[in-house]
Amino acid sequence: MSDTLLWYTTRAAGAVSLVMLSAVVVLGILSTLRVQSPNWPRFLTTGLHRNLALLTLVFLGLHIVTAVVDPFTHLGWLAAVVPFSSYYRTFWLGLGTIAFLLLLAIVATSLVRGFLGHGAWRAIHWLTYAAWPVAVLHGFGTGTDGWSFWLLVLAWACIIAVGVAAAYRFMSGPRDPLASARTAFRADVNRREGE
Amino acid sequence: MSRLRLLAGRDITSGAEDFTEHVRRLGAQPAAGPALIETIVRSGLTGRGGASFPVGLKWKSVAAHSHGSAVVVVNGAEGEPHSKKDRMLMTTRPHLILDGAFLAAHSVRARQVVLYIGEEHEAARNAMLRALAERRPNERKITRVLGAPPRYVAGDSSAVVHLVNAGIATPMTTPPSPHERGVEGGPTLVQNVESLAHAALIARHGDAWYRSAGRRGAAGTLLVTVAGGVSGPGVHEIEAGTTVAEAVEMAGGVTEPARAVLIGGYFGSWVPAEHAWDLPLDSAMLRERGLSIGCGVVGILHHSSCVVCETAGIMRYLAAESSAQCGPCFFGLRALADACSRVAERGTNPDDMHRLHRWAIDVRGRGACHHPDGAVTFLQSALKSFPDDFAHHPAHWRGQGRQTPAGRAQGAHLDE
Chain A
142 MSDTLLWYTT
152 RAAGAVSLVM
162 LSAVVVLGIL
172 STLRVQSPNW
182 PRFLTTGLHR
192 NLALLTLVFL
202 GLHIVTAVVD
212 PFTHLGWLAA
222 VVPFSSYYRT
232 FWLGLGTIAF
242 LLLLAIVATS
252 LVRGFLGHGA
262 WRAIHWLTYA
272 AWPVAVLHGF
282 GTGTDGWSFW
292 LLVLAWACII
302 AVGVAAAYRF
312 MSGPRDPLAS
322 ARTAFRADVN
332 RREGE
Chain B
18 MSRLRLLAGR
28 DITSGAEDFT
38 EHVRRLGAQP
48 AAGPALIETI
58 VRSGLTGRGG
68 ASFPVGLKWK
78 SVAAHSHGSA
88 VVVVNGAEGE
98 PHSKKDRMLM
108 TTRPHLILDG
118 AFLAAHSVRA
128 RQVVLYIGEE
138 HEAARNAMLR
148 ALAERRPNER
158 KITRVLGAPP
168 RYVAGDSSAV
178 VHLVNAGIAT
188 PMTTPPSPHE
198 RGVEGGPTLV
208 QNVESLAHAA
218 LIARHGDAWY
228 RSAGRRGAAG
238 TLLVTVAGGV
248 SGPGVHEIEA
258 GTTVAEAVEM
268 AGGVTEPARA
278 VLIGGYFGSW
288 VPAEHAWDLP
298 LDSAMLRERG
308 LSIGCGVVGI
318 LHHSSCVVCE
328 TAGIMRYLAA
338 ESSAQCGPCF
348 FGLRALADAC
358 SRVAERGTNP
368 DDMHRLHRWA
378 IDVRGRGACH
388 HPDGAVTFLQ
398 SALKSFPDDF
408 AHHPAHWRGQ
418 GRQTPAGRAQ
428 GAHLDE
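Protein chains in written order, with our numbering: chain A, 142 to 336; chain B, 18 to 433.
What you were told as hints is all true, and nothing was included just to trick you.
Just the calculated beta-carbon pair ranges, DEER-fashion:
1. B:154 <-> A:261: 37 to 45 Å
2. A:261 <-> B:201: 15 to 23 Å
3. B:123 <-> A:252: 38 to 46 Å
4. B:150 <-> A:255: 35 to 43 Å
5. A:255 <-> B:367: 31 to 39 Å
6. B:405 <-> A:178: 25 to 33 Å
7. A:189 <-> B:390: 17 to 25 Å
One side only, chain A facing chain B, incomplete, derived with CB under 8 Å:
8. 184
9. 326
10. 327
11. 329
Hints listed in this document are in silico derivations from the structure and should not be mistaken for laboratory results. We treat Cβ as the ideally placed atom computed from N, Cα and C, and that holds for glycine.
Next up, chain A with everything else stripped away, as it sits in the complex (with noise of 0.2 Å):
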């Protein structure tokens, strides 16, 4: 494979990772609200959340491989896992390393949330809100295209899109109809001595 095309995909596997992650947080912070039509109900948003991000650790993957191995940059693969390791825009491609561990940190615990229980496993979905911005920001900062028209419109498309969507959320307030249905429904077999 030329140098070139491995640099052409690592930008554009960045590109794609960044707006597909924009969509998983879009549809995760959707899938919380009663967002859902007799067409389309709230199981179905849950399941794309879920299918969407796998499909991004894919993208990611490949954005990360091919800038490690890019003889140009020789980047090490300790630069992959560990965050400002890189000589190369260290503090820039270090936010990515973040932004990488924590998505595989929230991906991982979803994958065994069966094992660590509800509370643990929101606690740890949480960071999505950490790691989010911090990937935006090492597109900016990294990227060749960082301040190039096309990704500035897209990077944008996704700021607002996440922006509305996260606006909405905190300013709808804890209403989620599954946890009230949750609640009322363990009040009704709860059977501790003493309530």
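Take the given structure of chain A and dock chain B to it, following the hints.
Positioned in the frame of chain A, the structure of chain B alone reads:
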């Protein structure tokens, strides 16, 4: 009333068999231990709570992890709306169940036995408590009694464990399964009351004796509840491999020509009546045919009833019984029940039919427990067995089912 082994002895309408009578009829409780586990493995006895898991293998697994920390849970929750066999067995033959429970406890070296009995099954609970009072002090000492909340999922083995550990009868994610890590962290044998009663008889008479009953190549006996459109609905003990037609005959036969038969309860399947009569009632033989014996319910639906409306009512009930822990179960079953209700209420429409087929696939396997899987198995059996009824359903709705005092839909009712 057919009574072969579990229900042999005094007439079942004359109340519980007491300890003296039980011992006179069957002899004292035999020895327990590794040899008994092997005997039960060889008998091929399968669990009677719904999952048909081999009883001997479960005992073996719990014994292997036990080191004296195991717990035996006697599961008499019986939350399945049409099933009556567990409460009937507890009411009439409590000592057979307790024998099985203490034999299991000795065999797996358990430190505790929990009697888990449905709160609404008052007669059964009283009979079990009276029987427990007649047992030896060393048995009474290790036994505690807990009530199962009257909800469908409360009988799930992980829900039992959650109730004992945390006081809340909702299913938990498995693994670890209760027989690896359950009550207070110890390996926990959750066993249906009928399975334990069979184990008590196998301990006395041996595995060859157990297999000597059974027809058409099946082994043993089982309790079934024949429900719906028969003259004498109720519980019968039948030889495994007895056909649906023969079981219905024991229940006095159908009162009107039948349209459909529900095999296995609400996690089971609808079968068109003409294909159902010759089905052998046995867990292995039904599994070969893509069906399940479940908890032994055989429900007869009359020709004058509407299978689409019945299905809608049962889906509504199952959706309401989701413990709302997993989104796909809570929202998915609700969406499926809504689509099915719209077909029942307003008539067939292509959108809802498409949704029923597609979403049933999307929901499967997406819950921590098997509640969503059981519900879509049932729905898919209806779609597969009665495609014409669903394709040409007129706009009628025969009511949303009875409401309990709490206002909870009780599901559709096979005409009784």
